[in-house]
Structure formats: C-alpha cells, structure tokens
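Undergrad: For chain D, the structure is supplied; the task is to place chain S on it using the hints.
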Amino acid sequence: MRIRVIGAGAAGLTAAYELVSRARAAGRDLAIEIVEKSDGPGKGCSFFAGGMIAPWCEAESTEPIVAGLGAEALEFWTREVPLAERRGSVVVALERDRGELVQFSRRTSRFVTVDRAGLAALEPDLAENFSTALYFEEEAHLEPRSALAALAEKLAAEPNVTLRYGVDAETLPDNWDWLLDCRGYAAKPKLSGLRGVKGEMMIVRSRDVRLARPVRMLHPRHPVYVVPRADGTFMVGATMIENEERARVTARSIVELVNSAFAIHPAFGEAEVVETGSDVRPSFWDNLPRIVRDGRRLFLNGLYRHGFLLSPALASRAARIVLEDGYFPEVMDENRGQWGDARREVV
Amino acid sequence: MNDPLRLYDVELGSRLLVGTAQYPSPAILAEALAASRAEIVTVSLRREAGGGRAGQSFWGLIRSLGMRVLPNTAGCRTVKEAVTTAQMARELFGTNWIKLEVIGDEDLLAPDVFGLVEAARILCDEGFAVFPYTTDDLKVAEKLLDAGCKVLMPWGAPIGSGRGLNNVFALRAMRARFPDTPLVIDAGIGAPSQAAQAFELGYDAVLLNTAIARAGDPVAMAKAFAAACEAGRAAFLAQPIEPRDMAAPSTPVIGQAFS
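Quick mapping for you: the protein sequence lines, in order, are chains D and S.
Using numbering that gives the first Met the number 0, read the first sequence as starting at 0 and increasing by one per residue.
Using numbering that gives the first Met the number 0, read the second sequence as starting at 0 and increasing by one per residue.
Just chain D, same shape as in the assembly (with noise of 0.2 Å):
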C-alpha cells in the first residue's frame, strides 16, 4: 500500500510515525513517501511552536477534549518517542492579579499550589517575585525545532519511508492508495472553515535567568509563557490575534512580549532578542482539531495552537483510519454544534 503525507510538520511526521509503528506491529506492508515543500522538517507553523505538552492547563481555557487527546501526547512524546522533557509547569500571577490565578485554578486540575518556598526549591529564580504558584507536575515540553528533526531522522532510518524535500505536492502524480494531507494553513483552499490566527513569539537569551520547565503568568492583557531551551536561550510567546497575516511581527506585539518577560524577571529586559518569528495557527471555528475524510484522502488539520499538543492524538487515528477502517466521531464528526450553517456561509 502506497501513502503519501503532505507536510512534515508535527502532524504529517507524526502521522507517518504513528503509520509505521502500526503497520509494523499489524505485519502490514506500507511505503510511505513524505513530500515537504520547503528545504527541512519542521518549517511551517511547528518552526514558531513553545512545544509545551500541558494539557490541564489548557484546559482553562478549551474545551475538554483538548485536554483528553493532549493526555495522549504526553505517553508519545516522553515515552514513544522521547524527545519531550517531563519537568512539569509553573503557572504565576503578579500580586495584583491573584485574582487570574484563582480563576485559573477554578478551570483545571492536576495541579498543587506552592508557596514562596515551595517556587523556590523549583525555580529559585522566581520566588523573589511571586509568593505563590501552581505546579503542573505532569506536563512536558520539548524544543519543537529540534525534536522534529530528530523524528524526521527516525523516519528516514525505516526502509519503508521516503522524505521529499523542497518538492511541491501538486506536482506530483496522484499514485498513492492513500493520501494524508497535513499542510496546515497551506491546505486552506481544499478545506472550508480553515482560517489562520496570527501568532508571534520571540526567543531570547539570558545567562542570568535559570528555568527548568516552562513558566506561563497570567495577565488580563497580555499573557504570555516562558519556555527554556538550550544554550540559555528561551521561547517567549505568543499573542493570538484574529488576522492571517504571516509574516509581520510588530512592534506593539514585541512591547507586550518583552514587558511580560519581564515582570516573569527583570534580567529578561537585559536578555539579547535572539530571533523574532510569526505565523498563522491552522484553526477551524471551534479551535478544534479534525480529520477530514474525503474517500482515501485524509486531512488532518486545525490543530490551532497544540500542534505539538494534539498531532500524537490525530496521528494515531489517522494511522487506524488506514489500517483498520477506523472511524472516529471525537475527531471527525463535521456538524459539532450549530456552527455548521455559518460556517458554511463564510467560506
């Protein structure tokens, strides 16, 4: 059986792994042929991504299958495939806004909330400036850029896979048995209701902030996260604005970032601004993430701002669509709600 994935982001590699891993395990025999437009793995929207795993505090704000598939991504990422790093998160509020963190611990749950002591003996160099905290102990992250590639290296080591660099999809003949498009915004003509939110995001580094896991603070205006990475760099995102703009960065977004970063510490306001980025999150109406079945093309789309969250989730039942027939309402149902019509009518 011939199958081709469009997009080697995190749902089109994922999505190849998860095919792998169970036709293997079935003794089915697959050939699979990754073809990506740009020059590497992990180009599109995944370039931007915090990679952060952390499906209870997403919850605060998403419906909770966000927080069911994102469980499943978690299992994938530290231990299938283990490029993700289990530290848990740290979720703070500046003293005037305690109100946001009682609210955010209204809405989620798996968390403990610690003290100034109990901050400090997790990330002392927070504990001067916030009294308390919620501790997500269960949630990952990962460096989104680097653990793309490293799956992108797994797949090309299996016989059965071919990885397509630099090769437009529509160029090609259609001789596969099975399609999965995973082009995320790219794939917008094909598929109704998909628009871009805008993201932006900023990494910087600082030798004089120490963070072990990704620390998010609430802020009525301008909420932002925190996510280290190597080297002394950090991943500080992202805003969240209803335009498809992809590639502009303003400067009004950089003074929310960068304010942000700083009452996290005031060393972020010394830190060097190592890149600025931005691009648009694939999203469906609900925020939601779908498989769209069109007889053996599958799309695999709307994973909004979990890419690296819910493409595990996606992938797998993509996986046993193909193998197994599968069928999977909490994924592909196309008539959620009553935002049907409406959405109908935009497009």
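Some hints here could point you the wrong way.
[Stated by the list, open to error] Pairwise CB distance ranges (calculated):
{"id": "1", "chain 1": "S", "residue 1": "P157", "chain 2": "D", "residue 2": "R251", "range": "18 to 24 Å"}
{"id": "2", "chain 1": "D", "residue 1": "T112", "chain 2": "S", "residue 2": "P157", "range": "27 to 33 Å"}
{"id": "3", "chain 1": "D", "residue 1": "S37", "chain 2": "S", "residue 2": "G59", "range": "26 to 32 Å"}
{"id": "4", "chain 1": "S", "residue 1": "E125", "chain 2": "D", "residue 2": "E136", "range": "54 to 60 Å"}
{"id": "5", "chain 1": "D", "residue 1": "D38", "chain 2": "S", "residue 2": "R162", "range": "19 to 25 Å"}
{"id": "6", "chain 1": "D", "residue 1": "E323", "chain 2": "S", "residue 2": "G59", "range": "37 to 43 Å"}
{"id": "7", "chain 1": "S", "residue 1": "S192", "chain 2": "D", "residue 2": "R105", "range": "18 to 24 Å"}
{"id": "8", "chain 1": "D", "residue 1": "E323", "chain 2": "S", "residue 2": "V9", "range": "55 to 61 Å"}
{"id": "9", "chain 1": "S", "residue 1": "V9", "chain 2": "D", "residue 2": "E74", "range": "52 to 58 Å"}
{"id": "10", "chain 1": "S", "residue 1": "S192", "chain 2": "D", "residue 2": "E94", "range": "25 to 31 Å"}
{"id": "11", "chain 1": "D", "residue 1": "E74", "chain 2": "S", "residue 2": "G59", "range": "37 to 43 Å"}
{"id": "12", "chain 1": "D", "residue 1": "R251", "chain 2": "S", "residue 2": "K138", "range": "31 to 37 Å"}
{"id": "13", "chain 1": "D", "residue 1": "G268", "chain 2": "S", "residue 2": "R162", "range": "58 to 64 Å"}
{"id": "14", "chain 1": "S", "residue 1": "P157", "chain 2": "D", "residue 2": "E323", "range": "53 to 59 Å"}
[To be verified] Facing chain D, according to a computed beta carbon distance under 7 Å, are these residues of chain S, among others:
{"id": "15", "residue": "P23"}
{"id": "16", "residue": "S24"}
{"id": "17", "residue": "P25"}
{"id": "18", "residue": "S56"}
{"id": "19", "residue": "G215"}
[Claimed, not checked] Counterexamples of contact, computed for chain D against chain S with all Cβ distances above 12 Å:
{"id": "20", "residue": "F46"}
{"id": "21", "residue": "A70"}
{"id": "22", "residue": "G98"}
{"id": "23", "residue": "L125"}
{"id": "24", "residue": "T131"}
{"id": "25", "residue": "G195"}
{"id": "26", "residue": "D207"}
{"id": "27", "residue": "A266"}
{"id": "28", "residue": "E271"}
{"id": "29", "residue": "L287"}
{"id": "30", "residue": "Y303"}
{"id": "31", "residue": "E323"}
{"id": "32", "residue": "F327"}
Worth flagging that the hints you see were computed from the coordinates, not collected in a lab.
Positions of the beta carbon are idealized from the N, C-alpha and C atoms, including for glycine.
TA: Chain S only, in chain D's frame:
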C-alpha cells in the same frame, strides 16, 4: 411586552450589546451571541486589521451572524487614529455606526475625554452615528451631545475589570440630567446582577464582552445576562419602591382582631 430600544433611529428588541473578543473559539462566540439574544455586536478593527485585509476571515464570520455590527475603535490613543479607524470600519462593514474609544490612561483604559469630544465632532460632521465610550462626567456628556452624538455610553467601571457600577451616584445624576438621551452602560460589568442594576437605574442598554467571553461557560453566562437585562428593564418599568429607614410589615397589623 413591546418596549423597543431606539438607537439612531433603529428600533431594537434587545437591550444587551455584546463584544467579540477573548472567546475560546469563534464557534463558542457564535453560540454565546445567539444565547444572549443581542442584536448588536461590536467588533474591534485596530489590531485585527494587520497589514491590509488580513482579518477578512474573522470579519466574514461576524457578518455571517446576521447581527447589526457596531465597529469600534478600541485601542486607539489619538484623535487621528480613532478617526482613521472609524473610516476604515465604515468601508469594511458598510455602516456609519461607530463605537468611539479614545483611550487616555493606559492602566485603567480610561477615555481621553478631550480627544473623545474632538473625534466625535469630526466623525459626526462626516455623517457617522457615534456611540462614544465616555466617563460619567456631565460636562463631557454635554459636549458630546453638542458635537452631534445622540447616544452616550458611560463606563460602569474600567474595561474588563468586572467591578460593576463603580459610581452609582454619578450614574443616577447622568440619567437625571439627560432624560431623553439613550444611555448605555459600556464596560465594567462583571455579573448579571450588575447589568440588572444598570437597568433599574433607568439605563437604556448595557454593552459588555469580558463577562461573557471569559466566563467558564460563555454560552450559559450569555443566557444569564439576557435574563438579567430583561429582569432589570422590567423592574425599572414596574417602578421599584424607594428604600425606607423604617420597617413596614408586609401584613397589616391595624384593623386585625385581638387574639
């Protein structure tokens, strides 16, 4: 009960005006707006605009809701910025309605009332129907009416603060001073009881966003606000009693037989 609200010669059945920001998703936004039974939805342009027309997908969705759109100039800090944003809104949404915000104080997002009056005059002269987001200051209100505004939208409390009606005394005075001008409480409402209170004070309508959008269940909260607005308005029309300093028994004691 036939009790329509009239804003710039448009008759409306609902007295709740709602915003579109901060919802978990556009789908929940649409469902919450339907549950609110609101007929007017306010949309911010400043940031979503991006470079050119990058916000089209989201605006297309707002238009598809079939509600009357009240574009706003949220986030504008100068007269020029607000006027330009209003002009762009008119073109994009094909309406001359504009909720005018000129922000002065960054921390409290308080209106710059001087810039507000100036921008209101420019926009009224250009034929806009201006809905000014203002404070409860009576002199400013008068100048806004002089500028050509036919609706006033004083704050209850700072935007998004959920503190309710901070200065009931001033809001009462405003109602008394402008008995014939539609008055809309814009901003600061956090709970349905506060919306009901605004109506009991005689306010004609309430505009809110965060209280619904950031609620744990926005759709259920929208329903609660719809009910509270109707209850508050009905209570106002039914003429509530004045508070008394002395207890008055509900059951008469005079004229009853000795036991």
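Undergrad: If you test the structure against every hint from before, which numbers come out violated?
TA: Hints 5, 13, 22, 25, 29, 30 contradicted; others consistent.
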